[in-house]
Structure formats: C-alpha cells, structure tokens
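Engineer: Please work from the sequences and hints to get the whole structure.
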Amino acid sequence: MTFALALEQLLNGVQLGFMLFLMAAGLTLVFGVMGLINLAHGSLYMVGAFACAAVAAATGSFWLGLAASLAFAAGAGALMEITVIRRLYNRDHLEQVLATYALILIFSEGTRWLFGSFPLYLDIPPLLQGAVSLPGGAQYPLYRLAIIVTGALVAGGLYLLISRTRLGMRIRAGESDREMIAALGVDIRTLYTLVFALGAALAGLAGAMVGAIQSVQVGMGEPVLILAFVVIIIGGIGSIKGAFVGALTVGVVDTMGRFLLPQILTLFVSPADAKPMGAAIASMLIYLVMAFILAVKPRGLFPAQA
1 MTFALALEQL LNGVQLGFML FLMAAGLTLV FGVMGLINLA HGSLYMVGAF
51 ACAAVAAATG SFWLGLAASL AFAAGAGALM EITVIRRLYN RDHLEQVLAT
101 YALILIFSEG TRWLFGSFPL YLDIPPLLQG AVSLPGGAQY PLYRLAIIVT
151 GALVAGGLYL LISRTRLGMR IRAGESDREM IAALGVDIRT LYTLVFALGA
201 ALAGLAGAMV GAIQSVQVGM GEPVLILAFV VIIIGGIGSI KGAFVGALTV
251 GVVDTMGRFL LPQILTLFVS PADAKPMGAA IASMLIYLVM AFILAVKPRG
301 LFPAQA
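The letter at position 236 of the sequence shown is residue 236 when you use full-length UniProt numbering, and the numbering goes up by one with no holes.
This list has only true hints and no planted wrong ones.
Here are the simulated distance ranges between beta carbons:
#, residue 1, residue 2, range
1, PHE118, THR59, 18 to 24 Å
2, PRO271, ARG189, 57 to 63 Å
3, LYS241, SER283, 24 to 30 Å
4, LEU64, SER270, 48 to 54 Å
These aren't lab readings, by the way, just hints derived from the structure by calculation.
Just so it is clear, the structure is predicted and the values come from calculations on it, not from any experiment.
We treat Cβ as the ideally placed atom computed from N, Cα and C, and that holds for glycine.
Structural biologist: Quick look at the structure:
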C-alpha cells in the first residue's frame, strides 16, 4: 500500500460522502420540516439521472442534461408532494411508509416503460475529462474532484439558505412549530412544496453527477437511499450539519474500510481468504459505526433542537 493509493481512496470516500450529502440533505429537510418518512426519495435520484442521460443524448450537451436533471427532479418532487404526500402529513409513519413505497413501484415501472430495461450511459463532459496529479505521483480523475467541489458548494449554499435567508427562517420555524407559522400568515402548503422540490432537486443533481461514472438504470436509487438513511441517523434527524458530517463519515468509513480491511486481514489469514472476509466485514462497517454512535448519542451527532 502506497501513500498515493491511500490518498486516492480517501478522495473516493470524500466524493461518496458529498454525493450522499446531496441525498441526505433533502431527506432530512423533508423529515425535519414535515415529519414525513419518504421512501420514494431514491426515485427522485433516479429521475435526475435518467433526465440527464436522456437530454444529454438528445442534445449532445452534458450541461443541458444537468440542468434538466434539476428541473425534472424538482418538478417530479413538487408533483409528488401536491398529489400524494400532502395527504400523508397527519397520518402515522406506517401509512407514510406504505404510500411512499407504492410511489417507488410507480416510478420504477414508469421509468422502465419510458426508457426500457437496459441501462443508459452518460459521457463525462470534455471540460472535466482527464486527471490531476496527486502527491506521490498518482493520477486522480478530474470529474470526481468536480463532484467534491460541487458538493462543497451546495453544502455552503444550503447553509446560507437555511441560516441567512427569509425562506430559511420559515423552514426553521416550520420545523419547530408549523401551527404557529401558519397562524402568522405563512402559506404552509407552498412552503412544504418548495422544501420538497428543493430536496428533490438535490437528489436529482446527485443522480445526474453519479450517472456519468456508473450506468443509469431502474432501481439505482434504492441502495443510495439506504445509505442516506444511515447518514441522517448518524448525523441527527432534521440537522443539515448532521447530514454533512454523517455523509462524510459514511463515505470515508465505507471506502477506506473496503480498501484497508482486506490488507489488514492478510496479517492473520491467507490472501485468498482475506479478500472475501474483508469485503464482508467492510459491508457491515458503517452499520457498526452507526450502532456505536447511537449507543453513545442516541439522537445522533448533531440532532436538531427539540
């Protein structure tokens, strides 16, 4: 193991963490403000990826596809909130889970009907092709660095939106006491739709950017959604700061665990056995970290204020 290889894997973990933050930020906004468990959030990630791939293929421009991913995911989220989610706010969590699981099936079959069962592929734009040199002589893809930078910019913009704007003030107030801000004249329905559309746009952005480094296919959002739930549990439900810290924790722990554990196990078992054993343990590692954090801090690292 060389320093350059370890640094490359660390950056891969940070890139995964920022992608998870884009997913988890929208999820924690929706749950924190609306108290809603939305299992269909991963479908919005898939919508963004397919919209980007389809528009990029039709126009030849990745950037138009990226804009389309934001627009289509936000539009799908707003439509979902108005037609279905709005009727679930006063229902218990079991009904929310069942309804949003039904939405997963609808989105999956609808996407398969529109695009077929075969995966689509996105090309990395020429501007972001190539690699940059890392200390130690390794090369790291420029596009993955762009994902890290984009995630950092979105995190900073979301912090400013929530903490420094009038809309952010209303979002924070709605998280604390939705009945009171409704009594003060705030259109709570419009606020909820805006928050849901914002969360959907972030999920769509994540799907579009990741779609260029893996295939775009039906059901691609569900594995990411599971990791996003782990992120908000570790970070603290309803906390953007918690989502940020939790996402980077999950990304780095998962990536470095898959990289380091097989090499560590070679000290105790044969290399042929170390690789499958390391992969098996690494797949459980983030859940072990989650269990440890919840044992110490049951509400997560940075829980939202009650």
